[in-house]
Amino acid sequence: MSRQICMATAQTQNPDANVHRRLANYRPSLWGDHFLSYSNKSEETIDDSEQVQGLKEEVRRMLMAPIDNLLEKLELIDAIQHLGVSYHFEGEIDEVLQQIHKYHYTCDVQESDDALYTIALHFRLLRQQGYNILSDIFNKFKDNMGNFKESLTNDVKGMLSFYEATHMRVHGEDILDEALKFTTTHLESMAINFSPPLATQKELSHISRWWKGIDVATNLSFARDRVVELYFWILGVYFEPQYSLARRILTKTVCMVSIIDDIYDAYGTHEELELFTDAIKRFNASI
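Mapping of the sequence shown onto full-length UniProt numbering: position 25 corresponds to residue 25, and the numbering continues sequentially without gaps.
There's no promise every hint is true.
[Unchecked claim] Below, in silico cross-link-like pairs of lysine to any residue (SDA-like), each with a Cα-Cα straight-line distance of 25 Å or less: (1) Lys102 with Glu90; (2) Lys212 with Ala191; (3) Lys252 with Thr200; (4) Lys102 with Tyr87; (5) Lys149 with Glu173; (6) Lys142 with Leu187; (7) Lys202 with Glu229.
[What the hints assert, rightly or not] The calculated label-pair distances, taken between Cβ atoms and stated as ranges, are: (8) Trp210 with Phe276: 21 to 27 Å; (9) Pro241 with Lys281: 36 to 42 Å; (10) Asn69 with Thr185: 31 to 37 Å.
In case anyone wonders, no lab produced these hints; they're calculated from the structure. None of these values were measured; they are calculated from a predicted model. C-beta atoms are modelled at their ideal positions from N, C-alpha and C, and glycine is treated no differently.
Produce the entire structure from the sequences given, and follow the hints as far as they go.
Have a look at this one:
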């Protein structure tokens with residue numbers, strides 16, 4: 001009886017004693033003890049800290065300087081936020097924006113080339129900070145028909161700033177809903193028209209990856225690598241930006257035709273080519 005009690009006690013103390021578990025056989029850590037080798041060079045750390053502190057004080061002085069130029073002050077705050085270091089200057093930024101809201105609430109910017117940019121930036125920064133600045137300030141950019149002026153589309157920087165400002169809208173602000181549609185439509189059009197070299201590189205990258213994917217160099221070593229050459233052939237026919245899909249499809253098609261041409265001219269025997277020709281004739285695209 002005492003033996004059974006002891007065995008039961010042992011099983012209670014070690015419940016896994018009779019359980020056969022699978023071993024996962026995990027690989028050892030890739031990093032090993034790499035990070036244990038870190039050495040804290042105190043002198044370098046002190047030098048870096050002093051440099052960082054000096055730069056922080058310089059930025060702090062720039063922020064707290066008198067607002068002689070509203071746009072420059074707004075751009076400084078925007079740059080600090082975009083760089084992700086605004087947490088160092090939260091108090092200063094709040095104080096500056098409070099001053100701007102109090103003394104430059106209407107953002108009375110004269111009609112100039114950067115009026116849209118300045119007003120949109122002013123609106124966005126104050127809205128982000130929680131100030132209830134009215135969206136009516138954008139009515140000045142509408143024509144007599146109640147639509148946004150087409151001349152605004154010539155100001156790319158202003159349109160982008162306006163687009164960012166629309167994301168600060170609240171429910172019921174119809175003017176900002178209209179602005180979002182207006183800016184989105186025209187900015188997408190600008191992206192096509194203003195960056196054709198980038199679009200061309202993207203197309204070539206797509207086609208090159210496709211060519212590498214079918215591994216012509218290994219599977220058909222006799223075939224010529226003409227993918228870039230043939231892309232520019234097609235580009236000469238379909239050069240307009242909106243025909244990107246056509247360029248990609250036709251380039252791939254002509255590449256396949258080029259491979260077939262090399263099969264006939266440089267690789268296949270007479271008997272093989274007769275069989276290959278018969279196979280092509282039997283091809284049914286509907287299957």
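Hint check:
no.: 1; hint: Lys102 with Glu90; in the structure: 18 Å, holds
no.: 2; hint: Lys212 with Ala191; in the structure: 29 Å, violated
no.: 3; hint: Lys252 with Thr200; in the structure: 15 Å, holds
no.: 4; hint: Lys102 with Tyr87; in the structure: 23 Å, holds
no.: 5; hint: Lys149 with Glu173; in the structure: 19 Å, holds
no.: 6; hint: Lys142 with Leu187; in the structure: 18 Å, holds
no.: 7; hint: Lys202 with Glu229; in the structure: 16 Å, holds
no.: 8; hint: Trp210 with Phe276: 21 to 27 Å; in the structure: 23 Å, holds
no.: 9; hint: Pro241 with Lys281: 36 to 42 Å; in the structure: 39 Å, holds
no.: 10; hint: Asn69 with Thr185: 31 to 37 Å; in the structure: 33 Å, holds
Checked against the numbered hints listed earlier, the structure breaks hint 2 alone; every other hint is satisfied.
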